Amino acid sequence: MGGGLLFRKRHGEDALKLCIAHLTHSFGTHGVLHDISFGVAEGEFVCIVGASGCGKSTLFNAVSGLLEVDSGTIELEDEAIVGKPGRVGYMLQKDLLLPWRTALDNIVLGASLTRGANATDRARAAELATHYGLGAYLHHYPRALSGGMRQRVALMRTIAAGHDVMLLDEPFAALDSLTRFTMQRLLLKVWSEMKRTIVFVTHDIDEALMLADRVIVMLPNPGRVGRILKVGLERPREPACMASPAFMELKAQVLALLYD
Amino acid sequence: MRRPILVQTFFWTAAMLLILSVWQAAVVALQIPPFVVPKPAAVIDVLLGNGPMIAKLMWQTLKETLGGYVIGAAVGFFLAVGMSQIPLMGRLVYPALVTSQAVPIVGIAAPLVIIFGFGMMPKLIIVAWIVFFPVVVNVMDGLAQVDADQVNLARLLGGTSLRTFLIVKLPACIGPLFSGLKIGATYAVTGAVIGEWTASSRMGLGTFLLSANAQMNTPGVYAAMLLMTLIGVGSFVTLLVIEYIATPWRHRSTSPGHEAARTD
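Chains D and Y are the protein sequences, given in the same order.
Quick note: the first sequence, position 28, residue 1510 per the numbering used here, numbers continuous.
Quick note: the second sequence, position 62, residue 44 per the numbering used here, numbers continuous.
One chain only, chain D, in its complex shape:
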């Protein structure tokens, strides 16, 4: 399937934002990624689902530029980005907020680290944070915020860094289910309003199907793409849609692949 997308890309029929081709990597003799290929269209929301040990995090580190893979290419709008950090947004399960910086100062961290945050950065960040429900907490230290609020700040930091493509690695896995639902809603709102391209790793199949345009099922030993499923469910997806036959059908397919 990845090959098909690559074919389309070469022939200019579809605007691919991110293009991963034949990615292979091993740690010593242990193969972690084997011939991974897929593309992500501009503005698309793609979820990667897989059991732990299937190479999701390695794949993420490769795309983010932290890890140089043995072979294969990663292109962001035709620019090769293997081993080049700082081209895509990145968010983890750990919020990684700096305890000594307020919510606002954490949101402008990208600017602070590259050239120093100016008044415009701060004003823009404050506006962004207020729009997404952090208005009352701009000057709070992370210690004084709940887990959900902290992840909200981390998400705002990722957005404020200004990259079109955002990689999210199980960002809501540590939250309770109600907070996670709120955060999923928030993320979809961000996605549709800010027109970002999102690659989202999760091991929660329901979460993947609620969020994604397409779900990439990864299989372990070595990590490889099992199948790519299109999620045709209509948006906005209400919680009730989790009980719909179409949803159940997709879930059954993913489960069958994962537990094959």
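Mixed in with the good hints, there may be bad ones.
Stated by the list, open to error - Straight-line distance between alpha carbons at most 20 Å, and here's what the computed DMTMM-like set of lysine to aspartate or glutamate pairs gives:
#1 Lys1566(D) / Glu225(Y)
#2 Lys1576(D) / Asp131(Y)
#3 Lys1576(D) / Asp129(Y)
What the hints assert, rightly or not - Covered stretches of chain D, going by a simulated chain Y footprint (3 or more residues, C-beta under 8 Å):
#4 1544 to 1553
#5 1591 to 1598
What the hints assert, rightly or not - Negatives, chain Y to chain D, calculated, CB over 12 Å:
#6 Arg(-15)
#7 Thr(-9)
#8 Thr(-5)
#9 Val9
#10 Ile14
#11 Val63
#12 Pro93
#13 Pro201
#14 Leu221
Since the hints were made in silico from the structure, they are not lab data.
In this text, all values refer to a predicted model and were calculated from it rather than measured experimentally.
Where a beta carbon is used, it is the ideal one built from N, C-alpha and C, also for glycine.
Following the hints, position chain Y against chain D.
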């Protein structure tokens, strides 16, 4: 604890008064003669009765202690930063640092006096010698323990190495830095006194203690000891206050200047 500083002040004062009370009570109850252990009240009388002279002695020792302390803290901090940023330097210098602390401090004093004479310099060096070590060790540990994910995030945000160091790594070792500074603060005065004992052209608390001892002036000996202790405790408490002010995120829920309810 709505006013942690007030509460702390109360406990510190109470502890000091308790120590003096136990001392006074022990001398009275055990009927210890004043030329062996004087009552604290008598020692305080000596201090108050010789105000200007005592102040001069105190100032001399305080100058040596503070000067050496600042030098030692600065050297320790910058050494730690250098050693953690340049691994080769770290590997070479670390054994030398440990060796420096294995040399008995009294053993260093004599050569320093031979090299630098009877003035301030040997005292400053001895104090700095004692102070820099806990600072180096703590700051290096702090820098080594900065969360690797945090540093990766800084790289992914495109951070320059200098800014990443200043914004992400340095604040992360502020706790260890103050631990090192506090340990150094209580030891620093010992260095100044040893320096004065070895050779001195000016009287400080250390030289005064020696001459009072030689003259069987027991209250004088205790007065000097009390003031040396005061310098150590005073430095420690000052550092506690500076640390409290420098780390608002530990005890406030919002940044200073933006009011919200205190959380402690």
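Against the structure, the hints:
Among the hinted pairs, Lys1566(D) with Glu225(Y) is inconsistent with the structure: their alpha-carbon atoms are about 39 Å apart, more than 20 Å. Taking the CA atoms of Lys1576(D) and Asp131(Y), the gap is near 9 Å; set against the 20 Å cutoff, the hint holds. Straight-line distance between C-alpha atoms of Lys1576(D) and Asp129(Y) comes to about 11 Å, which keeps the hinted pair within the 20 Å bound. Chain Y is given as covering the region 1544 to 1553 of chain D, and this holds because 3 residues of the stretch bring a CB closer than 8 Å to a CB of that chain, at least three being needed.
Counting residues of the region 1591 to 1598 of chain D whose beta-carbon sits less than 8 Å from any beta-carbon of chain Y gives 6, enough to reach three: the coverage restraint holds. Separation of Arg(-15)(Y) from chain D is adequate, the least Cβ-Cβ distance of about 19 Å exceeding the 12 Å criterion. No beta-carbon of chain D is positioned within 12 Å of the beta-carbon of Thr(-9)(Y); the least distance is around 25 Å. Under the 12 Å C-beta cut-off, the non-interface status given to Thr(-5)(Y) relative to chain D holds; the minimum distance is some 30 Å.
The beta carbon of Val9(Y) sits about 48 Å from the closest Cβ of chain D, which is more than 12 Å, so the claim that it is off the interface holds. No beta-carbon of chain D is positioned within 12 Å of the beta-carbon of Ile14(Y); the least distance is around 52 Å. With a closest Cβ-Cβ approach of about 18 Å to chain D, Val63(Y) is found to remain outside the 12 Å limit, as its non-interface label requires. In this structure Pro93(Y) is separated from chain D by more than 12 Å, as the shortest Cβ-Cβ distance comes to about 43 Å.
Residue placement check: Pro201(Y) keeps its beta carbon more than 12 Å from all beta carbons of chain D (closest about 49 Å). With a closest Cβ-Cβ approach of about 18 Å to chain D, Leu221(Y) is found to remain outside the 12 Å limit, as its non-interface label requires.
Figure legend: structure checked against the earlier numbered hints; the only hint not met is number 1.
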